[in-house]
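Hey, can you work out the whole structure from these sequences and the hints?
Chains as they are written, first to last, in numbering that gives the first Met the number 0: chain B, 0 to 440; chain C, 0 to 440; chain H, 0 to 440; chain W, 0 to 440.
A portion of the hints provided could be inaccurate.
Since the list gives no way to pick one copy over another, a pair counts as held whenever it fits inside one copy or between any two copies.
In the DSS-like style, the derived pairs of lysine-lysine whose C-alpha atoms are separated by at most 27 Å in a straight line are [said to hold, decoys possible]:
{"#": "1", "residue 1": "K165", "residue 2": "K292"}
{"#": "2", "residue 1": "K165", "residue 2": "K299"}
{"#": "3", "residue 1": "K229", "residue 2": "K197"}
{"#": "4", "residue 1": "K299", "residue 2": "K197"}
{"#": "5", "residue 1": "K197", "residue 2": "K354"}
{"#": "6", "residue 1": "K299", "residue 2": "K114"}
{"#": "7", "residue 1": "K299", "residue 2": "K380"}
{"#": "8", "residue 1": "K197", "residue 2": "K165"}
{"#": "9", "residue 1": "K299", "residue 2": "K135"}
{"#": "10", "residue 1": "K197", "residue 2": "K361"}
{"#": "11", "residue 1": "K292", "residue 2": "K114"}
{"#": "12", "residue 1": "K165", "residue 2": "K114"}
{"#": "13", "residue 1": "K418", "residue 2": "K331"}
{"#": "14", "residue 1": "K49", "residue 2": "K414"}
{"#": "15", "residue 1": "K114", "residue 2": "K135"}
{"#": "16", "residue 1": "K414", "residue 2": "K37"}
Rather than coming from a laboratory, the hints here were simulated on the basis of the structure.
There are 4 protein chains.
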Amino acid sequence: MTELIKKNAQTKRSLNVFDRLESEVRSYCRSFQTVFTKGSNAMLHDRNGKTYIDFFAGAGALNYGHNNPHIRTKLIDYLLEDGITHSLDMATDAKETFLLRFQETILKRRGLCYKVMFPGPTGTNSVESAFKIARKVTGRTNIVCFTNAFHGMSLGSLSATGNAFKRGGAGLPLSGTTFLPYDGYLGPLVDTTALLEKLLQDPGSGLDSPAAVIVETLQGEGGLAAASGKWLRSLERICRDNGILLIIDDVQMGCGRTGTFFSFESSGIQPDIVCLSKSIGGYGLPMALTLIKPEHDIWKPGEHNGTFRGNNLAFIAASEALRYWDDDRLAKQIRNHAEVIRDFLSRMASRYSDKIIEIRGKGMIQGLVFQQPEDASRLCKLLFERGVIMETSGPHDEVAKLMPPLTIEAEMLQKGLQKMESALVDMYTGIMPKAAMQMKG
Amino acid sequence: MTELIKKNAQTKRSLNVFDRLESEVRSYCRSFQTVFTKGSNAMLHDRNGKTYIDFFAGAGALNYGHNNPHIRTKLIDYLLEDGITHSLDMATDAKETFLLRFQETILKRRGLCYKVMFPGPTGTNSVESAFKIARKVTGRTNIVCFTNAFHGMSLGSLSATGNAFKRGGAGLPLSGTTFLPYDGYLGPLVDTTALLEKLLQDPGSGLDSPAAVIVETLQGEGGLAAASGKWLRSLERICRDNGILLIIDDVQMGCGRTGTFFSFESSGIQPDIVCLSKSIGGYGLPMALTLIKPEHDIWKPGEHNGTFRGNNLAFIAASEALRYWDDDRLAKQIRNHAEVIRDFLSRMASRYSDKIIEIRGKGMIQGLVFQQPEDASRLCKLLFERGVIMETSGPHDEVAKLMPPLTIEAEMLQKGLQKMESALVDMYTGIMPKAAMQMKG
Amino acid sequence: MTELIKKNAQTKRSLNVFDRLESEVRSYCRSFQTVFTKGSNAMLHDRNGKTYIDFFAGAGALNYGHNNPHIRTKLIDYLLEDGITHSLDMATDAKETFLLRFQETILKRRGLCYKVMFPGPTGTNSVESAFKIARKVTGRTNIVCFTNAFHGMSLGSLSATGNAFKRGGAGLPLSGTTFLPYDGYLGPLVDTTALLEKLLQDPGSGLDSPAAVIVETLQGEGGLAAASGKWLRSLERICRDNGILLIIDDVQMGCGRTGTFFSFESSGIQPDIVCLSKSIGGYGLPMALTLIKPEHDIWKPGEHNGTFRGNNLAFIAASEALRYWDDDRLAKQIRNHAEVIRDFLSRMASRYSDKIIEIRGKGMIQGLVFQQPEDASRLCKLLFERGVIMETSGPHDEVAKLMPPLTIEAEMLQKGLQKMESALVDMYTGIMPKAAMQMKG
Amino acid sequence: MTELIKKNAQTKRSLNVFDRLESEVRSYCRSFQTVFTKGSNAMLHDRNGKTYIDFFAGAGALNYGHNNPHIRTKLIDYLLEDGITHSLDMATDAKETFLLRFQETILKRRGLCYKVMFPGPTGTNSVESAFKIARKVTGRTNIVCFTNAFHGMSLGSLSATGNAFKRGGAGLPLSGTTFLPYDGYLGPLVDTTALLEKLLQDPGSGLDSPAAVIVETLQGEGGLAAASGKWLRSLERICRDNGILLIIDDVQMGCGRTGTFFSFESSGIQPDIVCLSKSIGGYGLPMALTLIKPEHDIWKPGEHNGTFRGNNLAFIAASEALRYWDDDRLAKQIRNHAEVIRDFLSRMASRYSDKIIEIRGKGMIQGLVFQQPEDASRLCKLLFERGVIMETSGPHDEVAKLMPPLTIEAEMLQKGLQKMESALVDMYTGIMPKAAMQMKG
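So, in C-alpha cells, the structure goes:
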C-alpha cells in the first residue's frame, strides 16, 4: 500500500503544472490523474509508462481510435504539400473532397438529402445554428427538448441541456426552451409523445408553439436512456403535423456509435436538421456539420459564421474516415463488438442483480446502471487504477458507460472487459474496502 | 475582356460542388470565387494556378502565416510519434508544455497573472465562458458592450455583438447586455466612459448593475475603430470602482496583431478576463483560451466544458508559435511593416482625399474608410481579380481592411500594396468603369 | 322574425358609439350586444327595457350582487361625510377598519396568519407582486404553473397564463415560468404532482428550481377543472420539501365562490401566498390583496407600489361585504344554491348525454362540458337572447359556465335555470335551426 | 418639545394596526405617520383633528381635489339609481357617456383622433397594453425608454422603469427595453435624440429595431426633468422615419397637470399611443385609458383584457370631471397657480442659492432641487409636521415636489407656500437643528 500511496503522490506532483496554471474548471484531469503522452487506437500511455485501455474515446470524438494510421498518413501528406489548413469558409480542395465524399458515401446511400452547413468546429456551434435556422424557418421561438438532454454549453444550446449544475453556470435564467419527458421517463407504459401532442392540441396548455424539437436518439450524457424507433416515428409525425422542425442531435451518437452512421437510421425517420460533430472530424480534430433539408436552407450568406468553419486538416481526416463507410465491414465489427459487450454486461447484471439495476445503451455505447449511484464512480476509479479509462453518465452519475473506439481490436476489448469484471468482483467481495478507495479519489 | 469573362465562368463552374452541396449560409467563398489549394506564409494558390497575396490572414487566425515551416515540423513530429491528438481536458504532455511556455513567455514577462482556461476551441466559446464566470463572480447578469462590437455567434456572445443582421439570425430577442457608445462614437471630444460612469452613478438610469464590461481594443469587424489608452484606463478604473469585471476580447487583436502580444499592453490596463483565440493556435488550428485573474477563478470543475478543449495539435502549434515572442524580433518586424502600411495608406488617403475619409487601425490591421461605402467592396473585388485577398469591415462595409500575416515578407507586402495602389488608380481614373466592375462581382 | 331582426338592428345601432370610438380589443360587448343601464343583485336592465338574469357576475367580481343595498348605504355615507377616497398607501380610517375586520372575520377564524399587502387594485397586480416576493424570498426565478391556468394579462402574470391567444398578445417570448399538467390533465389515474416531484428530484430534468408554484384550485377560465384536496395537499408537501412557495390564485375562486371564503379551505392546505381580487372589493370596485405569510414578508418599503393601492371606497365596501362572513348564513345559502345547480345540471347532462360530456365545477361556479364546443356558445347566445347572461370557458370554449351572484334569490336562480333548460330543449330538438341562431350572433 | 415627542408617540401608536397587519411593503404611511379620515379639495384631516394642505394630490390622481362636490353628486345619484357599477367591458350608459364626452371635449377640440381602449384600471395596465399593441403593429420587440423614466411596476412596464431599486424587485433580469438618455441628461448642449438617431442609422449599434419609444414629457418620479418641445418633435420625427410608434406616458402629467389636458399639446406632436390614468378617473377612482391611433388599433377582441376595465363609478366621475375642460377656466387657473408657484420657488432658489440648485417642472408640478439631497426629505418631514403633505422625487430623492390639486383655492396655495417658506427659513437658519429633526423622522 505504501507504494501505491507514493505512486499517487508522484502522479499528483506530476499534475502540479495543471494545478498551478490551469483554471479550476478543469474536470476530467481530476478523475484521470496522470499526464498522457501517446495514443494508438484504443491504447493510451502516460508519462510513467503505464498503459490504459480507452473505453471513453474522447467522449465519442475518437470513434476511429487514437492516431488512426490511415488518416494520419493523409494528414501528413497534406501538411507536407502545403495544403491550406485554415480557410474560413472559402472553397478549398480539401473541403470539396469532403463534401463530395459525404454526399456519395453517406447521404446518397441512405436516400437522404441535406445541404451541408459548417457551423464552426464544435457540437455546440451546430446546435446553435440548428436553433437559429429552425426559428427563422418557422418564425417561432420555442424549442422543445427532453429531460436529461445534453446539447452543449453555449447560451443557446445550454438552454436545451437538462443538467441543473450546467444550467446554473449560465448565471442568468435560460429561456426559449420547454422540457418534456424523454422516452421512458414516465415508465415503460407511457408514450411521452402523447403528452407532447396533447399539449400541442390544447390552446390553453401554455406550450408556446415550437419552432423545433431537438432530441438525442440515445442520451450519452443523460444516462444512456434510448428512444425507441416507434417513439421517434411518433415524434416525427407530430412534428410534421404541427409544422415543427425535427432536429436530431447526433453529435455523440452519430458516426457509427450506435451501429449505423446516423443513429436514427433504423427508426426510418428523416429529421429536418441533423447536428454532427465529435467523430465527424475523424482524428479527434474539431469539426462539426449541420445538415439541413434543402427546403429549410433559407439562410442569408453569413447569417451564422465563425472563424474555424474551415478546419481543413479535419476535412482531410474526415474524408479519409468516411472510407470506413464504403462497405459494411465497420458496421459488422460494431455489431460484433456490441454483442460481446452486451453479453458481458448481461452476465455482470445477472451476477450482481442486487447492485446493478439494468443495462442501457446500444451498439458501442452501453453501460450498467447501479443501485448505489456512487458504485459507478467507484468502478471507474478502480478501473483507472488498473488501466482502463471509463466514465460515468446520468443525472446521478449512476451509470458506468463503455464507449471504446469503434475500431478497437477484439482482444483489447476483451482485456478491458476482463479488467472490468475483476474490478466488480473486488468491489463486491470486500477485498477492496470502500474507505481505502475513497482515499485514492 | 472576353478572356476575363471566360475565366470567370470557369471559376464559377469550379465552385459548383459548393453551390450544390453546401448551405446557403456560406459567405466568403462568394467574395473569393475560386478553389484554393495551397498556402505558404502570405501566399495562396488556387486550382487554376493563380496566386494570391493574403491580406486577410484567416480573419486574424493566421498571424504566423500559412503552413509556417517551424510549426509544421513540430506537428508532423508529434503526429509521427503517436502524440495524443484529442484529450478532452485530461492532462497531456503537449498541454503541459503549452501551459508552461505561455506562463513563461507571455504572462510572466508582462507581469500578468492569470489562470488559463480552455473553454473550447473557438472565440465564441471563450466569450461564453467569460460571461459565465463574470456573472458567477458578481452575482449580476448584465454585460456592458459597445457599439459595433463583434464577440461571436452563439446565443450568449451574439447578444454582445452589435451587427443587426447577425443579431437577427438569433430568431429571438437577445438579452442580458447593454450597448454603450465605443470610444469616439460620439465624436473625438466626447469621452464615452463618462456616460458609462454617469449611468452607473445614477440609480434611476435603467442600467442594470453590470457583471462585466467586454471590449475590443480595436474593432476588427466593426470598422477598425480603436480605443485610446486613456479611454481604456478610464474604463478599467470605472470597472474597479463599481465591482465590474473588465473583459478584453483579444480574439482578433491578440497574438501580436496590433504590435504587442496582447493588444492592451500599451494601455497599461490589467483586464480581469482576456479572451484569446484565432492565432493562439499558431497554425490556424481551432483553439481558444480564457485568461482569468486567480481571484475570480471560482469555477466548479466542469461548470463549463466542451469536447474540443484538448486539441493537442493546436497546443503543439501554439507552443512553437510562442517562440516568436522569445525575443523582440517579431514585434520589431510588425512595427516596421505597420509603418510601411501606414505610410502607404497615408499616401493613398491624401491622394484621394475626396474619396477616402480617413485611415484607421494600428499595427498590422489598418484600413481605409471610403466616402462611398461601396468603394471598399469595389476595391476588394478588383484586388481579388488581381491576386490579393482583402476584406471589408465596418457597419456599412465602408472600410477596406489590410490584415496580412505578421510574418509576411517585406517584398510580398510591398507587392500587395502596389497592387492596391494600382487598383485605386484604376478605380478613380475611370480606366475601369464602374459598370464593368459590377459585372465581375 | 322580422321583429327580431329589427330589434337586433336597433341594438346594433345603439352600440355604434362603442363601435366608432372604442378600440377593437373590446370583447364582452360583442357577445352581449346591448347597452346596460341598471343592475340590482342578479338582475340587469338594458336601455331597451329588457331585463337579464346575471349568471356571470362580473366574471366573479360581483359575488354580492349588483348594487348590494347594505354596501351601497355605507358607500353613500362615506362619500357624504367627506371620507378619503384615494390615499395611495397612507393610513386611513377606512383601511384600518378593513384590516381589522379581515383579520377578525376571515383570517383569525380560519387559523390563518398572513400579512396583508395592497398590491394595486387588480388580480394581475396581486399575481405580479406574488411572483416578486416569491423570487425575492427564494433567490430563484422560475415559477411553476399549470396547463389552462389564467393568472392575468400583464407581462409577469401573462407568462403564467396558458392561453395561446392571450400569450401571443405579449408580442415577445414569455419566460420565467414552467407549465406542468394540472390535476386530471393526464386522466383520472395519473397524479400529476408525482411528475412535478420526479422533475424536482432529477437534477437532469431541465426544470429550473422554482421560486413558487402558482395554482388555482378550480380553473375559472380554463374550463372549470378542479384540483382535488389530495392533489393540493400533495402539491403543498412537495413545495415544503423543496423550499418552494405555494401561491394560491384565489382571484376568481375566493370570496365564497366555491362555498368557503377561501377556495382551499376544505383541502386543509396553508398557502404561503394568496392572491385575492374581484369580489374582495364587495361592490365590484377595483381592489386586490396579496396575503403573505409573515416569515416571507421581507419586502423593503415601496419595493412594489402603485397609485391605486388605496381605493378607500373599495375598503368601505369590502368591510361591509365581510359581514356576510360573520355567520354561516351565506355559506349555507351557497351550499343550497350549489345543490340546486348541480341537480339541474345533472338532469341536463343525463338527458343530453350524447351532447354533454360532463358537469364541472363546485359551489356556485359550475358548468356543462359540451361534446361540440360550439354548442356552449350557441347556448350562451340563445340565453342572452332570452335574458340570461352566461359565458363560456375552457381552451376550446367548450364549457357553458354558470356563475351567478352568491346572493341570488332562489326564485331568480330557478328562473334562470328554467330558461337554460328550455334553451337546451330548443337547441337539441331542432325548433331553432342552427342557421337562424348564427344570424343573431 | 416634550409635547411634540408625546404627540409623535401617539401618532405612532395609532398606526399599530397597520404595523401589525399590513405588509412591510407599505411606504407612504411611513413618511406620513398618521391616520387620515377626511378630505376636501386640497385639505386633509387626520384622526387627531389635525389638518393638512395636500401638495401631493394622490401622486397626481387627485387633480380635481378630494371629494369634488360636483363629481360626488353625480356618483351618489348614480349609486342611488342602481346604475351599473361593474361591467367588465360590456356596454353601459355610463361608458357611452364618457366615450362621447371624451371624444367631444378632449379629442375633437385638439384635432386628435384616437380609438379609446380600457386596459384595466391602472397606469401600469395602460403601459402594458401599449407595449403589446406596439409590438403587434411593428412585429418588433424592443422598446426604447429613457433614463429616470417611471412607467409602472408590473413586469412589462417595470422593464421600462429606470429606478434600480424598483427594477431589483422583479427578482429576475428585465428585458425587452433599451434605455437612452432623456432630454438634458448629457447637459443642455447635447440633443440626446441625435444619439437615438445615430444608433438607429448604424446597423452595428446593437440597438434592436424598436417597436416603440415611450416617454414622459416631464418625469414626475424621475426628478421633474422636462423634455422640450423641440426634443419631442425631434423624437416624433425620428419615430416616423423609422417606423417606430411614439408612446406618451401621460399617466401623471396628463389631465391638466402641466397646464393643458395632454402634457404634449404645446409641443405639437401627435403620439401614436397615449397612456392615461390617475386623474382621468376624476375622483381618485381607479381608471385608465390607452389611446391608439385608429390605424394601429389592430387588436383582436379580448387580446388584452382585465376584470376592472369597466369601473362605471369612475366613468361617471370622469365624465363629470371632463366638464372642467368645456371652457378654459381651469386652464387659466392652472396658469395663474403655476405662476404663483414659480415666483415663490424662484424667490426661495435665489435666497438659498447655495442650497438649492434649480427649479424644475411646469404648470402645477414644480419643485426645488437641493444641493444636499437629504434636504428635500428634511423639508418634506418638517412640512408634514406643520401640516403640509409633500413628497420628494428624483433618483436621489433630491427634489421637493409640489403637486397640489389643480382646483386648490388661491389662499390655500398661498398658505401652503408660506409654510414652505418658514420651513426653509427654519432649516437654514439653525433654529431647528439637524439632529432634532432626524429624531422626528
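The hints, checked one at a time:
| no. | hint | verdict |
| --- | --- | --- |
| 1 | K165 / K292 | between (31 Å within a copy, 22 Å between copies) |
| 2 | K165 / K299 | between (32 Å within a copy, 10 Å between copies) |
| 3 | K229 / K197 | both (18 Å within a copy, 24 Å between copies) |
| 4 | K299 / K197 | between (35 Å within a copy, 26 Å between copies) |
| 5 | K197 / K354 | between (38 Å within a copy, 22 Å between copies) |
| 6 | K299 / K114 | within (14 Å within a copy, 39 Å between copies) |
| 7 | K299 / K380 | between (49 Å within a copy, 20 Å between copies) |
| 8 | K197 / K165 | between (30 Å within a copy, 19 Å between copies) |
| 9 | K299 / K135 | both (11 Å within a copy, 25 Å between copies) |
| 10 | K197 / K361 | between (30 Å within a copy, 26 Å between copies) |
| 11 | K292 / K114 | within (6 Å within a copy, 43 Å between copies) |
| 12 | K165 / K114 | between (32 Å within a copy, 21 Å between copies) |
| 13 | K418 / K331 | within (25 Å within a copy, 58 Å between copies) |
| 14 | K49 / K414 | within (15 Å within a copy, 55 Å between copies) |
| 15 | K114 / K135 | within (16 Å within a copy, 34 Å between copies) |
| 16 | K414 / K37 | within (19 Å within a copy, 45 Å between copies) |
When the structure is compared with the earlier hints, no violation turns up for any of them.
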